[in-house]
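Visitor: Fit chain B to the known structure of chain A by using the hints.
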Amino acid sequence: MTQTTADATFRYEDLSALMARMTGAEKHGPAATSTLDVLWVLYDRVLRVTPDTAGDRERDRFLLSKGHGPMAYYAVLAAKGFFPVTWLDGFGGYDSPLGHHPDRTLIPGVEIGSGSLGHGLPLAVGSALGLRAQGLTRPAVWTLIGDAELDEGSNHEAIAYAGPAGLDRLHTVVIDNDSATHGWRGGIASRFEAAGWSAVTVDGRDHAALHAAFTAAHPGRPHAVVARVEKKA
Amino acid sequence: MDTMRERFITITSELLDEDPRLALVLAEISMDGFRPAQRAHPDRVINVGIREQLLVGVGGGLALTGLRPVMHTFASFLVERPFEQVKLDFGHQGTGGVLVSASASYDWPAGGFTHMAPGDVALLDTLDGWKVHVPGHPDEAEALLRHAYADGDEKVYVRLSQLSNAAPRAVDGARFLTVREGSAGVVVAVGPTLDDVLAATEGLDVTVLYATTVRPFDGAGLRAAVGSGPADVVLVEPYLAGTSTAAANDALADLPHRVLSLGVGRAELRRYGTIEEHTAAHGLDPRTLRERISRFRAPRPGA
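Chains as they are written, first to last, in the numbering used here: chain A, 2 to 234; chain B, 5 to 307.
Don't take each hint at face value.
As the list claims (entries may be wrong) - Among the chain B residues that face chain A by a calculated CB cut under 10 Å, a handful are:
| hint | residue |
| --- | --- |
| 1 | 17 |
| 2 | 24 |
| 3 | 25 |
| 4 | 33 |
| 5 | 35 |
| 6 | 36 |
| 7 | 47 |
| 8 | 59 |
| 9 | 61 |
Said to hold, decoys possible - Keeping only pairs whose Cα atoms sit at most 20 Å apart, straight-line, the calculated EDC-like set for lysine to aspartate or glutamate is:
| hint | chain 1 | residue 1 | chain 2 | residue 2 |
| --- | --- | --- | --- | --- |
| 10 | A | 81 | A | 61 |
| 11 | A | 232 | A | 194 |
| 12 | B | 91 | B | 132 |
| 13 | B | 91 | A | 153 |
| 14 | B | 91 | A | 59 |
| 15 | A | 81 | A | 59 |
Unchecked claim - Covered by chain B, according to a simulated footprint, are these stretches of chain A (three or more residues, beta-carbon under 8 Å):
| hint | stretch |
| --- | --- |
| 16 | 110 to 116 |
| 17 | 156 to 162 |
| 18 | 218 to 232 |
These aren't lab readings, by the way, just hints derived from the structure by calculation. Backbone N, C-alpha and C fix where the C-beta goes; we use that ideal spot for every residue, glycine too.
Only chain A is shown next, with the shape it has when bound in the complex (with noise of 0.2 Å):
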């Protein structure tokens, strides 16, 4: 396909009209902009994958699992080149390959199709699994979830077996914007804690702690960021 993106020049402060390409049709609005901060971030300064090393064997993956509210991240992915801004325009469409929940089968550097709760987890311990029995210990794995989504029991299993297995190349970012009914007393990091991860907690916001969070050394442990951010209205 045609290069027509934009070559790498897109900041952060063209996100949001990237975001507003998706008019109207986005059932999960405010959820797509909680992600924008973590994964401006993440793809701007702390991921190695590109569009040209999308398929390398040694490039980061990272699997969104919170999978709903995608508009973010399909800004970012389309601000770093890995499709054509003007997908933005057709989001949902028939036509699309954008969906309301991206498939890794249609869009070009997405890692996994999403959309129900509590799969990215899994599946990138077992990514982590994966590169390290081919010997990849270079490339990171990380995944997305939201607070909400920590209610599915599949994530705890995933986090009980995580960290004593020492997958020291798997990261977790948690969005917290308190949208799980019940809560989680006692934070949410203490429940990566207790399973042996190492793990942080962050303004979500605040693009020089994320990177902080994100880039900070965890040495034989799982490294699990908490990015709080305001609650949704």
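Guide: Relative to chain A, chain B alone:
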């Protein structure tokens, strides 16, 4: 003779040595048998504990990195409990893997209904593209497991059982075998039901087909076996009765036909006891099979 499950452990341990793409995921079940393999390949023999959603999710993640995952536990905990993981973590991702189950429909009758999975094949039938192998002998289990592991990125289910025929057949992972030829109807025996079907149809003028790969269903094989004779077809399946009725009907769509679907009943027996007692309770013992097949083949009034 070893059991299918013991053969699974032997052959998978051996192939882990030979094929660096193969990786095994367990949820405690059969772990003891795989300890030597785990010592030899700690990164490719993964026991996630008693966590079946993670069992399948981890397999899906391994597949995303290019490995060929083999996931194993009892059928009820492999297919039924984490069914959405089977649906989404493989099919929806466009990846493949091999599910290998044990315990089948009633391998452990004294264990009760929690450990019975007569509906596993019917459940997989709601998904696209899963191959289903139902070996009827440990040697066939070995052949079909080897076939499944080497089957590219296909999605494959191998259903192992304690039930076994006395002798193995040369199965190819695709077609039905013609075991007996007759001219007045066709009986399809799936996996471990073959010996009982052969006993039940002794002396009857029917063709007996042996099916160990039931998905995709060998419709061409069934259609050819019917030939120009009466399209009276009996399916004998060691899982939920009627699981393959639609597939048989599709294969015979171009001619008038009748299908009798025999298999494990839907109702819970709420009985313990032995495998043989459960086979009889579901009407799958040779004597009852013969009665049901004969009644189906009897000339209809006015015919």
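Visitor: Compare the structure with the hints numbered earlier in the document and write down the numbers of the violated ones, lowest to highest.
Guide: 1, 4, 5, 6, 11, 14, 18
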